[in-house]
Amino acid sequence: MRARCSGCTPRAQHPPPGAPVAAPDGVSIVRADRFGFMLRRCCVALLREWRLKFARAAPLTRKNLLRFQPAAMSLPIVIADDSLLARKVLTKALPEGWDVDITYASNGREALEHYRKGRASVMFLDLTMPDMTGYQVLEALQHEDLNTFVIVVSADVQPMARERVRALGAIAFVPKPVTTEAVLPILKEYGLYV
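When we follow UniProt numbering, the leftmost residue of the sequence shown carries the number 1, and every step to the right adds one.
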């Protein structure tokens, strides 16, 4: 179950997307489109804690963003694949000891719904699924200006597929079958696993 602090408030009281977040000493952090998802989902109590950390930090980048996540919170991830076996293989390929809250989706529509409910800071996405393909999910994320780290996991290893998912905002493309050795460097590169 996703961890929440006692100060959690209804979504209506969370800061709106793109709003500046005031920090001590007059430092202001404006949420960037690719990084705002962490601040949009945080509750008031966590936001106060992050303000102090951000005020002393280097400029906000993809690589250092998740270092400011409180240690007590599990990172919410979604594994979206229509194959139960593929979901199990990917789950076993995740680094041992990685503190995550995993939600599974069997199609693209479910994956988007889980994201909208705040269950996906990281999304592992297959390209070929019924109801809504991985490409359509990436397009919806881009169209709605939704921000998450998307790692595409697919058996379609054609160069055009790789280029297309990168253009649609995916941070990486991992061919199936997935191994820990393939996933771990990507997670470390983006500060998702330390």
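Derived by calculation from the structure, the hints in this document are not laboratory data.
Even glycine gets a Cβ: it sits at the ideal position worked out from N, Cα and C.
A hint or two may mislead.
[Claimed, not checked] The calculated lysine-lysine pairs, modelled on DSS-like cross-linking and capped at a C-alpha distance of 25 Å, are:
hint, residue 1, residue 2
1, 176, 92
2, 88, 176
3, 188, 88
4, 88, 117
5, 92, 188
6, 176, 188
[Stated by the list, open to error] Label-pair ranges, simulated between beta-carbon atoms:
hint, residue 1, residue 2, range
7, 96, 159, 15 to 23 Å
8, 144, 96, 17 to 25 Å
9, 99, 159, 29 to 37 Å
10, 73, 160, 22 to 30 Å
11, 82, 116, 29 to 37 Å
12, 181, 85, 18 to 26 Å
13, 131, 97, 28 to 36 Å
14, 185, 163, 19 to 27 Å
15, 139, 97, 33 to 41 Å
16, 73, 133, 29 to 37 Å
17, 136, 96, 27 to 35 Å
18, 157, 85, 30 to 38 Å
19, 189, 96, 13 to 21 Å
20, 133, 99, 24 to 32 Å
Inset, instruction - List in ascending order the numbers of the hints, as given earlier, that are violated by the structure. - result: 7, 8, 10, 11, 18
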